[in-house]
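Same order as they appear, the protein sequences are chains A and B.
Here the first sequence is numbered in this note's numbering, starting from 1 and rising by one per residue.
Here the second sequence is numbered in this note's numbering, starting from 458 and rising by one per residue.
Hints should not be assumed to be uniformly reliable.
Not the full set, but computed from the structure, chain A residues with beta-carbon under 10 angstroms of chain B [unchecked claim]:
| id | residue |
| --- | --- |
| 1 | P118 |
| 2 | I268 |
| 3 | I312 |
| 4 | L334 |
| 5 | P367 |
Here are the simulated BS3-like cross-link-like pairs (lysine-lysine), alpha carbons at most 27 angstroms apart as the crow flies [what the hints assert, rightly or not]:
| id | chain 1 | residue 1 | chain 2 | residue 2 |
| --- | --- | --- | --- | --- |
| 6 | A | K114 | B | K521 |
| 7 | B | K1045 | B | K919 |
| 8 | A | K71 | B | K1010 |
| 9 | A | K114 | B | K554 |
| 10 | B | K502 | A | K51 |
| 11 | B | K521 | A | K447 |
These are computed hints drawn from the structure, not numbers from a lab.
What you are looking at is a predicted structure, and each value in this text was computed from that prediction instead of being measured.
All residues carry an ideal CB built from backbone N, CA and C; glycine is no exception.
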Amino acid sequence: MAVEYMGLSEINGSFVVLEGVRDAAFEEIVELRMDGYKEKLGRVVRLHGDKAIIQVFEGTEEISLHNTATKFTGRPMQIKLSEEILGRVFDGLGQPIDGMGDIYAEVLRDVNGKAINPVSRVYPRNFIQTGVSAIDGLVTLIRGQKLPIFSGNGLPHDQLAAQIVRQASLGAKSTDKFAIVFAAMGVKNDVAEFFRKTFEESGAIERVVMFLNLVNDPVAERLITPRAALTVAEYLAYEKDMHILVILTDMTSYAEALREISSSKGEIPSRKGYPGYLYSELASLYERAGIVKGSSGSVTQIPILTMPNDDITHPVPDLTGYITEGQIVLDRRLYQKGVYPPINILPSLSRLMKDGIGEGYTREDHPDISNQIFSAYAHVGDVRALASVIGEDEMSDVDKLYMEFGRRFEAEYINQNKYENRNILNTINLGWDIIKVLPRSELDRVKTEWLDKYYDN
Amino acid sequence: MNGSGKIIGINGPVITVAECSDFAMSETVYVGESRLIGEVIRINKEYATVQAFEDTSGLKLGEKVYKTGSLLSITLGPGILTNIFDGIERPLGAIEKESGIYIDKGVHVENLDVNKKWEANILISEGDIIQGGDIIAEVQETEGIVHKSMIPPRVSGTVKKAAPSGAYTIEDVIAEVEDESGALHEIRLAQKWPIKTPRPVGKRMTVTRPLVTGQRVMDTLFPLAKGGMAAIPGGFGTGKTMNQHQIAKWSDADIIVYIGCGERGNEMTQVLEEFGDLQDPRTGRALMDRTMLIANTSNMPVAAREASIYTGITIAEYYRDMGYHVAIMADSTSRWAEALRELSGRLEEMPAEEGFPAYLASRLSSFYERAGYMENLNGTEGSVTIIGAVSPQGGDFSEPVTQNTKRLVRCFWALDRNLSYARHFPAINWLTSYSEYLDDLEEWYAENAGEDFLKHRAEILKLLQEENELMEIVKLIGSDVLPDSQKVVLEMARVVRLGFAQQNAYHKFDTYVPLVKQRRMMEVILLLYDRSKRLISEGIPMRLLKSEDIYDKVVSIKYNVGNEEIEKFDDYVKEIDEFYDRLLEKNK
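Bound conformation, chain B alone (with noise of 0.2 angstroms):
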């Protein structure tokens, strides 16, 4: 029969399957009678191969799999925010509706709501001529964003039906065009995209603003730009899902696309739950209505958890193409790699490092690269960065995924479990990350956060670079022994550490601090450093020094001074200008 073969090897999530000779390469089909999702990965001339995206157990040889001639596709239309996803774009509510707390196999459910009628104003009429990726409706997504409905990229020619605005669903027809061979195309408010292949762009553009996150360490020290691509890495409680979920709620994105991939399932309750209860400190809307969440467990289907990341980073060009600046968290890109090693290993492919196999290179490129400052193919302009998380085995950063990550990102968040088990959070190690992205950045900081921001930066930087160097010493002799010039530098460093990289996430405002309150604290750590080395080199001790509380006074400033009261820092000064002349005066 035409359009199924018959499966003949079941091995894991891997199926065999013959009498199938017309399969095409990563088509999807269905397998067996339970019709669970499947892709075609390899194909030869008696067999093709399938990896099933559910779990196969109860599948029998004999049974049928069914072709179904396009390509692993997600649907792409107004319903996709405050969405909760499984990995091929599954809405887990409606699984939830079919089969209670338990993910069944085999359920089948709309991508997206199909009933629902959303209010759409149409832009386009009768007789426009138009091309791929022009926006053709708009729709009230959810409070603060709007959907821009746009032609496929693929698509393009004369309008020769267009219906009025009015409430529509995402299957209504909208429009009709016919291109140039005077074939009709229907044109609806969503449409279908392969996740596996990128969405076309006008051009690349370089990156020139940050990605604004409110963490002082991220945003001060180790900048991103809107469209570039960042990793974490950290062993196990060092903070990467923490770090993420900061990014996600705090950073100036539109539009967050967040993918536990592989991980804990409660980490996606608390994103659910956090989410909903929490407001946007920019828009005042809840956090929710700009995210959109895929959830693909570490107990989910090995097969789409590899399919999640692609999942995610399609619809978050699709974002990018109406015009929005679109962050991604993929959490965590091992996992989705050992997804692979585990398949690779199933076909049993000749592995390269650790077991995994020779293309995990560039599987991994093929994800970043599609991260980027884009002109849209209608003309605006948007952003797709990325932020994946790294969970390197045994917190080695020499093992395969961290080094082939670190060759494609420009800004690497290191996690370092020292600084976790002391507490000091975000443990990013300030001596091992690093951003490239600074030089792009300078103009935009220069512009909004002030000309000094970056230079003062490199103070705070080089500071705790000499406390590094310094503590080589104190290991061996201790600091009492140390003179009083570098004992001012290890009291500053601790300064900077405690109150300047340390950043209390559960904290009313410090877990957000917008970029001028960042570089005041900079500034009032900078007059301190600079007036105390002043008091050394008039020869008083640093013990005087010590005994004032003013280093501690400015420690706590990140609790003290709230976002909005920056005038509060003027007080600061003052006061660091009369422990200054107090002590002179002292020692007079």
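Looking at chain A on its own, in the form it has when it is part of the complex (with noise of 0.2 angstroms):
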């Protein structure tokens, strides 16, 4: 029999003080009841003697020190679970918003999950096609992967994010079973909107599991939303093995949210004010992707950020570098001149594309072109900026042609069109045709064998 504690001690920001409290859990889930009918929920984040903070997830509006009767419910914050999530929507705590109907539960789970036991993880080998040359050629993503899209305000990161679920979910293996689950996080409507239309358009939809907390959506909200839409991925991959991809946008609200939160509890703030612990807990999340022993699914997460400023030592992007397997880093430049998508692959990174490329799974001079691709690409950078002080006439004539295979690089091989989509193979023979712009003595990435077959022809 649970006991209803009236009214409370303290509001402040998210939080409500209840005192006087005996038996309550941490983490625990209470319902807040307001003059007798409207509800809210909330979850005791700290206990101390016979006081209980709690946090209100749909903020404290209308809550008064008399009017509310808070009922501890003795479980932490869950979600059902069932096969026929697929095609849902939510909203930031995993409650249906689409007027289809409670979800008739199979299963109820945590949303906070459990740390994966890291002897049972499989690792990730398997290349996933997405189509966007910059991507598979230079920054391979490999099924169980979690490579975040770091981007700026204004860039197309929801564009590209769109491409790839298009592409890569969707292609020809669609013998596998597939879906996507789409997370929000303080984003604006006209975004999720064009998200549901992508997923519409690829004839996705059905497979989809959305979970939307909107940019004026309560901000203790936010703090559950990856956390629902990882455990329907989790439950989905492991349980029901299928291979989920896992779109996060926008972790930086997200960390925001969780600066606004922790400053109004009086924590102690890090660096630019977000808590010490913001390395925890978005590696809580980002560590919810992989592949398990034991299941034939898989999770891969596209987390993506905007760079306030554009700053990638800013801590939202440094901390994601640091936990995810790799990064796809947009750049502003490129896309002022027109290069879509502006991947500035120098910064970009794939942790695991080196064991899921090359002989046997793409092609066996892959590592070598990708490798000689991003070390004279670099070259370039050096050669630019030489041009800009003594004029590009001046230089030597190796210099020239870096300049040429520079653009031609950035125009034919990064930039393509949004719903271009070029296999793999033609990815390769691509990066060779543009290479050739440079002397064979230039190429010394390259083992001699892959050069006598691959640029003599």
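Can you join these two chains into the complex? Each is in its own frame, and there are hints to help.
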């Protein structure tokens, strides 16, 4: 028999304090009822003596010290799961908002999840073709990987993510069970609408689960949204053997929500006011990607984050980069030049790429040619800096060729249409076509064998 | 009730306990009905503060906290090698059997297998006078490693009873020792040791031998001594973990302790998979044979992350006591420092720089100081070498963890983002890295790697330094206008960068290069440098020199000369001589 506590002793931001509590559990969910009818959900975030500090997800508006009855549920934040959730739309807390009624739950799961035992993991090796040359050729996406897109405001990260969804997920191999889990945290309504339309166009809408915490929704709810989404992803992948692509956008708003709540709790801030546990907090989300033993499914994550002021050393992209298995970095200068997708390949990286490409996966020469492109393009940067000082005419012949390589690489290799789907062999061959601008003696990263086979033909 | 307290506050992993005046500082306790493992970190008259090593959600006020009476300790004995543990030495394999693919809280498993019988060769007999550290039994722990069970450091006396050689579990009593006061101590194959206390040693010795890693930039340019300390700092994507893996795979340590502290789960899986398949180039046995792993990934509880570093170093010291050379990789110490910061924040301590607690420096030094080349209590010599990765925020080396680490370590392998952007690996920047061990190791190198080894090294570094200075000019005016005497420096520096500094971890034999090949590579490069300079001074234009393919040939020595084919270097010497004569002839 659950006890109801009448009244509160303090209200501060999204927190309320309740005194005289007995038998409350840490992180337990509470139900708050105002004036006997309106319900809100909250979570115990701190217990001390007989005081419980409760975070109210839907905000503390309309709550007064006297109008509220609080009930402890004795359970953590849970979400109802069954295969029926495919195609459904939920709010940031996992409540259906598409008017199609409640979910009939096969199981109930704690949204916080649990850490996957490292010995139960399977090392991801399967290459996913996205049809985007810059990604497939140079920053290869692997099934079970977490590969974020580092972007800035006004850059086409949403279009890129949508293109990946269109081309990677629903390509030729539709025999595998595939689904998309989409979590929006603090994004604008039109962004959410853009994704919904994309899913519809690609015919995937039946296989999408959407969690929407839009920019005007309560901040505290935002902390639950990615957790609910990942709980669904884990359930579908590890128990229903499906391949799940999770898109989390925008991680920066998530981190800001965390900061807001941390500061209203009066915690000691570390860099830029973010709480010291931002790393652990982000890790608890990102680490929920992967493949586990005993299941043929996988969870692949593409988190999107906007770097404030395009600064890659900002705590959110910085800590993300330390946790995720690489990053795709979008660049404003490239975008200004009219290049789409404006992927700056130099700071971009896929850590799992090395084990998923080459002979038996893509093609034997793939690792070498991609290394060569990176190294040559890094040199293009130096050459351009020089050209801006002494002018292109004064440069050595080889350097002029590097300038030409840089131009063609950006215009033909990176640049492609939003609806253009290049297969991996075309991408690799395109790389060779463009690298041929340079004399053979400049290609120091490619085995002689591949040079003979691909450069000279 | 005696021996327990009551929870009166919960804030994440930090728990406040009342009615527990008999709790001792740093003691291990069991928290709540699910008996989560915790440690006492603060005590005052009314209450004690406990940090829990497991997730505390669902814990209730009023639940009990039970005292254990012992400090946070781990079990040291046969069965550690080839195993993978969490931060407080719970084997992950056993946890998987208990709780499936996810780690449940409150799982209680034995640190080491207590049922397995080890074939032990008992070395003591009744009446022997023994003291702490003495080796009493030998067990073949893995194919290549003999585990030597020792008398715990603080026990000494007369052997009253000794079991014959035979098969024993780690819990069987194999000897009884009576100390001076007449108390009997039961001795087993395994012993317990508190992780925050360094194991005692005979004396600290000076370092004289390098840890040979087979990585050219490390062995040749910035060597690390056995018993020394190194830091690898670098932003994300610069290859910290990759370098750690390379050292774990190929260094000539006897035992490898690999701590994944707050890092990615997949990386630990990769180590498990890869090391099982790879062979040690010296012994031909699986690399996993000499390796043990601690995995406290970034999503596992933060307090156990703090403990994982101590667990690792304690295991390293234990194997050192047997007379082994142990290398310990801590990936990454920044995550450990962040765990300290997180806990410190929850304890509402006054923060110092960037929110880190003021005791960050002293905690770091108490960790690094446990490295060293030691004479053990039992007279054997062993060493613990620490290689700590540092993940500076924003790749900025001025942050507190990097700066405090820099004060402690004597070998600094600075990773460079620009090198990694150009896919130059290992991305160790030769201008900002350093090693203070050079003088200590001089004698060893002269004896074992050749008289000229360090002289060559100095010349190679000088060449790279000169290139750096010239690049300042090139950036302004281009390389075309440089005189030939400087163009040759640029060309040779290119050869050094591509052919020597760059090393391919995925290549069959370039991944590990013995010292003798490193020396011959330097010799050939310097010979080519010398001949090129002479040709230039004879007035032969650089353009003509570059039209020859000798430079590219020297660059690809690393792929074309196998580690066992040292005699092939003579051909290169001959070819360089021919190149020299030919050009000289042409120009007459």
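Next on the checklist: Are any of the numbered hints broken by this structure? If so, which, sorted upward?
Outcome noted: 4, 7, 8 and 11
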